[in-house]
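Below are the chains, spelled out letter by letter.
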Amino acid sequence: MRTILKLTATLYDDLVQRLHEPHHFAGERVAFLKCRPALSATSLLLLGGGVHHVEDEDYVDDPSAGSTVGRSGLRKALQAAYTEAVSMVHVHLHEHRGKPRFSKTDLRENALFVPDFWNVQPSLPHGAVVFSFNSAVGQCWIPGQSSPSGVDVAIVGNPMRCTWKVMNG
Amino acid sequence: MGDKLNLKRQSFLGADSEIVLARSRAALVGLGGGGSHIAQQLAHIGLGNFLPIDPDLIEDTNLNRLVGATMEDVKLGTAKVDIADRVIKAVNPAAEVIKRRANWTEVTAELRDVDVIFACVDSIGCRSELEAFARRFLIPLIDIGMDVHESNGEFSISGQVMLSMPGKPCMRCMGLVTDEALAAEAARYGAAGGKPQVVWPNGTLASIAVGFFMKLVAPWETHKETPLLLEYDGDVQTVSQSNKLAYLPAHCKHFDRLNELGDPFWTPDALTIVE
Numbered sequence: 001m002r003t004i005l006k007l008t009a010t011l012y013d014d015l016v017q018r019l020h021e022p023h024h025f026a027g028e029r030v031a032f033l034k035c036r037p038a039l040s041a042t043s044l045l046l047l048g049g050g051v052h053h054v055e056d057e058d059y060v061d062d063p064s065a066g067s068t069v070g071r072s073g074l075r076k077a078l079q080a081a082y083t084e085a086v087s088m089v090h091v092h093l094h095e096h097r098g099k100p101r102f103s104k105t106d107l108r109e110n111a112l113f114v115p116d117f118w119n120v121q122p123s124l125p126h127g128a129v130v131f132s133f134n135s136a137v138g139q140c141w142i143p144g145q146s147s148p149s150g151v152d153v154a155i156v157g158n159p160m161r162c163t164w165k166v167m168n169g
Numbered sequence: 170m171g172d173k174l175n176l177k178r179q180s181f182l183g184a185d186s187e188i189v190l191a192r193s194r195a196a197l198v199g200l201g202g203g204g205s206h207i208a209q210q211l212a213h214i215g216l217g218n219f220l221p222i223d224p225d226l227i228e229d230t231n232l233n234r235l236v237g238a239t240m241e242d243v244k245l246g247t248a249k250v251d252i253a254d255r256v257i258k259a260v261n262p263a264a265e266v267i268k269r270r271a272n273w274t275e276v277t278a279e280l281r282d283v284d285v286i287f288a289c290v291d292s293i294g295c296r297s298e299l300e301a302f303a304r305r306f307l308i309p310l311i312d313i314g315m316d317v318h319e320s321n322g323e324f325s326i327s328g329q330v331m332l333s334m335p336g337k338p339c340m341r342c343m344g345l346v347t348d349e350a351l352a353a354e355a356a357r358y359g360a361a362g363g364k365p366q367v368v369w370p371n372g373t374l375a376s377i378a379v380g381f382f383m384k385l386v387a388p389w390e391t392h393k394e395t396p397l398l399l400e401y402d403g404d405v406q407t408v409s410q411s412n413k414l415a416y417l418p419a420h421c422k423h424f425d426r427l428n429e430l431g432d433p434f435w436t437p438d439a440l441t442i443v444e
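Chains as they are written, first to last, in my numbering: chain A, 1 to 169; chain B, 170 to 444.
Hint data in this document are derived by calculation from the structure and do not stem from the laboratory. Treat each hint with caution, since some may be false.
[Stated by the list, open to error] Distance condition first, Cα-Cα at most 27 Å in a straight line; then the derived DSS-like pairs of lysine-lysine:
no.	chain 1	residue 1	chain 2	residue 2
1	B	Lys364	B	Lys393
2	B	Lys268	A	Lys99
3	B	Lys173	B	Lys384
4	A	Lys165	B	Lys177
5	B	Lys413	A	Lys165
6	A	Lys165	B	Lys268
7	A	Lys165	B	Lys384
8	B	Lys364	B	Lys384
9	B	Lys384	B	Lys422
10	A	Lys165	B	Lys258
11	A	Lys165	B	Lys393
[Unchecked claim] Chain A is faced by these chain B residues, among others (derived, beta-carbon under 8 Å):
no.	residue
12	Leu182
13	Asp185
14	Val189
15	Pro309
16	Leu427
Quick reminder that beta carbons are idealized off the backbone N, C-alpha and C, glycines included.
Only chain A is shown next, with the shape it has when bound in the complex (with noise of 0.2 Å):
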């Protein structure tokens, strides 16, 4: 079963533009994509309608990482997944463009944060994405599952952009 992270080019415009921002200690920005989740014949599919923005007195200054969101940020996050009932799905942005990979610290720190969602929203799935100019890779940890799985993205706009459409992507 394919897992597909679908939202609109209206809201993709959006988040990229918040996540180009500079912050003044932090050197790359993230937020999570608040969605919710359908089943169709052949896939999961997370659908994107909102965006929790990590707010800037939530990042902590550790130069080990591109950015690191404090226990304040992570309980807000928490918060809206818990109020809105909402799978989450974190979201950064490497600036190049090409088909991206997660860093050795991306995939560490994601094995440890996205299942904490659970805690709150137990029976929906939530995942990471990061997204390159022009592509994207994420992973998606699924209730009754122990290891993450694999997320497509699609960008629904004109054009639509979906990532396992494309050869060089």
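Dock chain B against chain A, hints included.
Same frame as chain A, now just chain B:
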């Protein structure tokens, strides 16, 4: 020369266009005068995956406009989805056609998988419900509609093609669906009879709809934005951007809530069933 469609003459659509088209999936809801035209054109451009949906069998009154249908089909009472399947496979044997002789509401799991839905349905109510479904699962919907009006003993042909893009103005924003029109349609239920339909306006509208689709999946230029609503005046044979677009909100206010996305009855147990 094998059974593979040779798309060399449309290489201007981009280096990836052949593979993108082969991996794309479109649903055709309604395989009558409009949908049958669209199915044929999508087969020619190399679309790889089709989901044609229509509960009906062909009747003799359909033969004046249903592309690919024959007199023999009328005698046999062939299903419209079978005619579409035959037309598509005759052009592109490699295409996957998952045909469903059903109402679209009976095949929603498969419909959630498509990249684009073509709405080729008659009623405003059906259009409205299909758009709500498409918005819930973030699927662009391309709607075509035509009508023949009688006035002072003469007839007038008109129609429209609309792109309902999630996040952008919807049919209600554009005035194509209104509570008054839905109520009037409900009041006429069962008494409307067969509406006049002819092949050439359907062909014009279907071609524009396929053009909308191609701009979505394999755009040949990216500087000119496709208008969301084009209007067809069949009496003078013109297609123009709708004046309604000048008064539209930037964002749709009818489908902008997070809880209107996804499966309203989500349960993780369903994942076990799929696995």
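- prompt: Which hints, by number, does the structure contradict?
  reply: Numbers 1, 2, 5, 8 and 12 - these are the hints that the structure violates, sorted from lowest upward.
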